[in-house]
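Colleague: Sequence:
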Amino acid sequence: MRILWHRTLCHHSAARFGTMIRIMHLSSSLQFGGLERIIRNFAAYLDRKEYEFSACALDADGVFGEEIRAMGLPVFVLGKKPGVDTRLPLALYRLFRRERIDIVHTHNFAPLLYASIPARLAGVKVLVHTEHARMNFPDTKRRMVAERWLSRVVDVITAVSPQVKRDLVRYEKIRPDRIQVIWNGIDTAASVSSICPSDLRRTLGIAPEDHIVGGCCRLTAQKGVTYLLQAIPGILAKHPNTVFLIVGDGDLRGELERTAADLGLGDRVIFTGFRPDVADLLSILDVYVLPSLFEGTPLGLLEAMLARKAVVATRVGSNSEVVKDGMCGRLVEPRRPDQLCDAISSLLSSPGERARMEALACERVRSLFSLDRMMCEYEDQSAGHQLRTRCKATLAG
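Throughout the sequence shown, residue numbering follows our numbering, covering 3 to 399 in sequence.
Some clues are possibly wrong.
With a cut-off of at most 20 Å between alpha-carbon atoms, the simulated DMTMM-like pairs for lysine to aspartate or glutamate come out as follows [as the list claims (entries may be wrong)]:
1. 240 x 282
2. 240 x 340
3. 175 x 157
Taking CB as the label site, the calculated pair distances span [unchecked claim]:
4. 206 x 155: 42 to 52 Å
5. 206 x 72: 25 to 35 Å
6. 370 x 123: 34 to 44 Å
7. 175 x 243: 29 to 39 Å
8. 277 x 171: 17 to 27 Å
These are computed hints drawn from the structure, not numbers from a lab.
The structure displayed is predicted, hence computed values, not measured ones.
For every residue, glycine included, the Cβ atom is placed at its ideal position computed from N, Cα and C.
Modelling step: build the complete structure from the supplied sequences, incorporating the hints.
Modeller: Pasting the structure below:
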């Protein structure tokens, strides 16, 4: 079933007035990451007969920018300078005016900061903001005041988990009735991997008898991969026939590879870099690990659970609401290699427990974290707001 974001929002307006509704999503980048993938999904599920989608990255282009372009949709990259870039507000104002944008949807603080006032000045009628995840709560006083004030400019505020909402209420002092929680979702109807596991193992140089533990993420400080590497010697002491797959790329890749070498992990750790065949790689894992320091609703974790993988994740953000500890995975404290070691080793020793968790994890994602459900909730959010009236008035004028 193809769910269409913003279908309720001005659904009849475009047909009645013969005008396309123009929606632009703004993020800091369109590189590999969960937030960026959400924007890509918005692009893929848009009804192009009624709506014109575009994406704008303040800073960097990336793989999801390329995917959106491949759909025939425009992507704008502004090349933000490090720190505060005073050029961006004017650049955004001109962009919104030139593209005649009706709806601006910002993702996280920087796009909200740079785009909200220019959008209003440019005549954008609807501002939507989604907060995904942040490490630096509580913020500086200046940033808290800025987000609190800017939150009054936008029409709709969404948090991707109850924990993100609690943080916004506690630290940014945003009224809770202004924030709606909409969990991230993934395509639960996506085709499963059809690759032969033994062939993929052979390609990666992994023996048939080896266990495989892995994760897929951006290699940044947020994801806590350093702590997984520190846990590996203890795991290998109990399960020497284990290989660890680190799938993804990022600023810390070189440093992480050096750490693995310093720990003497040799060929027990494989850094694959960015791979488009994540579903294939998930199919050969025995345990999926997400050792993050902070999270919103991580798509990689949801995809691993959907792929029937027992998971070990840190007790941060919404992880504890996604993974029921002991039921469909194990939760550990962040920055605790010893706990990672114990949890992973225990699952490797218990194939029966892994199988039980795998089935429950898959069912949980299918019932609670589908992309269809997410899109429907965004539609319902729009229908319950005055956005439809605003768009009708704009198009009628």
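Colleague: It remains to establish, for every hint, whether it holds in the given structure.
Modeller: Outcome of the hint check:
1. Using a Cα cut-off of 20 Å, the hinted pair residue 240 and residue 282 is violated, with the two alpha carbons roughly 27 Å apart.
2. A C-alpha spacing of about 13 Å is found between residue 240 and residue 340, which places the hinted pair at or below 20 Å, so the restraint holds.
3. Simply put, residue 175 and residue 157 have alpha-carbon atoms about 17 Å apart, close enough for the 20 Å limit, and the pair holds.
4. Our hint of 42 to 52 Å for residue 206 and residue 155 holds, since their Cβ atoms are close to 50 Å apart.
5. The supplied range of 25 to 35 Å is met by residue 206 and residue 72, whose beta-carbon atoms lie about 27 Å from each other.
6. Restraint check, residue 370 to residue 123: a C-beta distance of roughly 40 Å satisfies the suggested window 34 to 44 Å.
7. Taking the beta carbon of each, residue 175 and residue 243 are about 53 Å apart, not inside 29 to 39 Å as hinted.
8. Checking the proposed 17 to 27 Å range against residue 277 and residue 171 shows it is violated: the Cβ atoms sit about 38 Å from each other.
In this structure, the hints that do not hold are numbers 1, 7 and 8, in rising order.
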